[in-house]
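Given the coordinates of chain R, assemble chain C onto it according to the supplied hints.
2 protein chains.
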Amino acid sequence: MELVSCGDEETTITRLNPHVREMTSDILYHLALGSGSHDLHAMFGDVKFVCMGGTPRRMEQFAHFIMKEIGYQLPTGAQLLDISLHSYRYSMFKVGPVLSVSHGMGMPSVGILLHEMIKLMYHARVKNPTFFRLGTCGGIGIDGGNLVITESAVDGLMNPYLEQAILGEIQKRPGLLDPELAAELKALSTPEDPWQIYSGKTMCTTDFYEGQGRLDGAFCDYTEEDKFDFLRKIHAEGIINMEMESLMFAALCHHAGIRGAVICVTLLNRMKGDQVTAEKSQQMEWQEYPQRLVARYIRQQLEAADGVGSGAGGLIRSLSQLHLTRQTSEQFASSE
Amino acid sequence: MELVSCGDEETTITRLNPHVREMTSDILYHLALGSGSHDLHAMFGDVKFVCMGGTPRRMEQFAHFIMKEIGYQLPTGAQLLDISLHSYRYSMFKVGPVLSVSHGMGMPSVGILLHEMIKLMYHARVKNPTFFRLGTCGGIGIDGGNLVITESAVDGLMNPYLEQAILGEIQKRPGLLDPELAAELKALSTPEDPWQIYSGKTMCTTDFYEGQGRLDGAFCDYTEEDKFDFLRKIHAEGIINMEMESLMFAALCHHAGIRGAVICVTLLNRMKGDQVTAEKSQQMEWQEYPQRLVARYIRQQLEAADGVGSGAGGLIRSLSQLHLTRQTSEQFASSE
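Top line first, the protein sequences correspond to chains R and C. Just so we're aligned, residue 65 is where the first sequence starts under this note's numbering, counting upward by one. Just so we're aligned, residue 65 is where the second sequence starts under this note's numbering, counting upward by one.
So here's chain R without its partners, still in its complex pose (with noise of 0.2 angstroms):
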């Protein structure tokens, strides 16, 4: 079967389906858009960034947030949507150049998605889109409210790889990253910041109890000591954090020769428990670390496209001088 290379000049997607192309309407079922209902080269066009999380409300909070940060203005009495609405199954805005989109929990939930968003950028005649996922993670050896960044992803038993079912027989998949960008993000954290962060490997699993090691799931069959030789055992194999996702993003991106990013804030130390026990308030502080760092991100390579005016739809002169009339505007609000 032939492959589809980087080269190609219709996609930057490798190893695209080849039925895709020959579908006169493919529904993209999950996200309540399809190819034969949608316009999605008018409508997605111009997606540069696809930045996916768990819930709907965290992408729904990143919308607002990436909104004010690269200065996009909806049109005057318009407010986001939630363009997969009528799945019932995700949630995902648009906001200029970014889309924000939920993932729910584990590796299948993620896969789905990325199927569907991966033939979204094909249909939307997207080229080389960056691809991010900002998510929680237990650390393992790091405290609560730091942040992570994913230089490969294993699975539960240390594969570097995703094994895959595919017509009955197992398909390994690398769980590959890009290098370079996640340089670059780590290369975006100022000693002012109030996280660490650190870059390393990600153990991805099928699931957040036995799983991964905790003593407080429905079943455990192992003790205390067994628990701690288990997670001294991968630290010094270089695993520094845990989560559910990783793997089939890494997977499905380094398939697809699209650059992604996993990028995590710990909830916890695993080394020194299992319960999730910081306050909601300081748990949705730390939940905004990853946005904060993609944001800076996203806002660096539009300015460098010089591509404020894009994302801002036009309206929007300097980036700088717009934040200077909020902060001014919100100072004479707050001291009235």
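Derived by calculation from the structure, the hints in this document are not laboratory data. Some clues are possibly wrong.
The list treats identical chains as one, so a pair stands whether inside a single copy or across any two.
As the list claims (entries may be wrong) - Straight line, CA to CA, 25 angstroms or less: simulated DMTMM-like cross-link-like pairs of lysine to aspartate or glutamate: (1) 250 to 207; (2) 297 to 285; (3) 297 to 227; (4) 236 to 288; (5) 291 to 352; (6) 132 to 257; (7) 158 to 233; (8) 236 to 290; (9) 236 to 219; (10) 336 to 86; (11) 132 to 219; (12) 250 to 349; (13) 158 to 290.
Frame of chain R; chain C shown alone:
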């Protein structure tokens, strides 16, 4: 490590994690509940049936539907509340003895929920609950709009067990469901129903596209002939439908000694195609079929246990009279 047997006075859950008994506060993180923060016995002690399904919306609809079916009434001026709203992960509704909970997509998502629901049953001191998954699936040789009751679940390689990596080692748990419960459910179907009802083996996959041999994913390295060879092969081995949650559901219910059943409606016949092309309104009607069957079962069980009074909070004297009253009232309203 001591296992908690079925004969335990405190709980009917088998193999319950012994650590859970010792915890002064157990946070059910993804449900936004905790044994230290909530009186879980007072809140959930009367639960007998836990119904799970993919989307929050479908499970909210089921909550309203089962409320009518069992004649349950909320106090005047009260409405249903999403108990797990603040988790932003799952949605949970309680209608007397029935919990209706969304589980998201894929085995990891339903696995997290099951760990926490099983612990919830323990903390609430619920004995012998019955768990249902009400879902959608692709039929293998069965057209859209029919019901499949899973007898047992297999993975994408036809293994009749769940493989779970725990502390770096694979544990195997059989994908078995309660045969009596399956037979009781099947017997509740009548010739007047708009569906045919089938029981057999379900293949549970970790991906919707390549994992189920679809030709319409982002990637596809096989031909239509390969796909049909695969579908025919698994059909010959007894597989009559495919979905993405049954194996985790079956394995964890079986491990916990909880009666469990998986009832799915087919959205299409995979022997004929890959894309779900049924109209949305048609799909919505089909998605009610598993709900209607499970509601019959719950109503029968409550009536057999003289549970009408308890199910209805003591306000309803007769279910048949209630239905007559509502019917008359609706006729009156529509003839105005």
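Numbers of the earlier hints that this structure fails to satisfy, in rising order: 5, 7, 11 and 13
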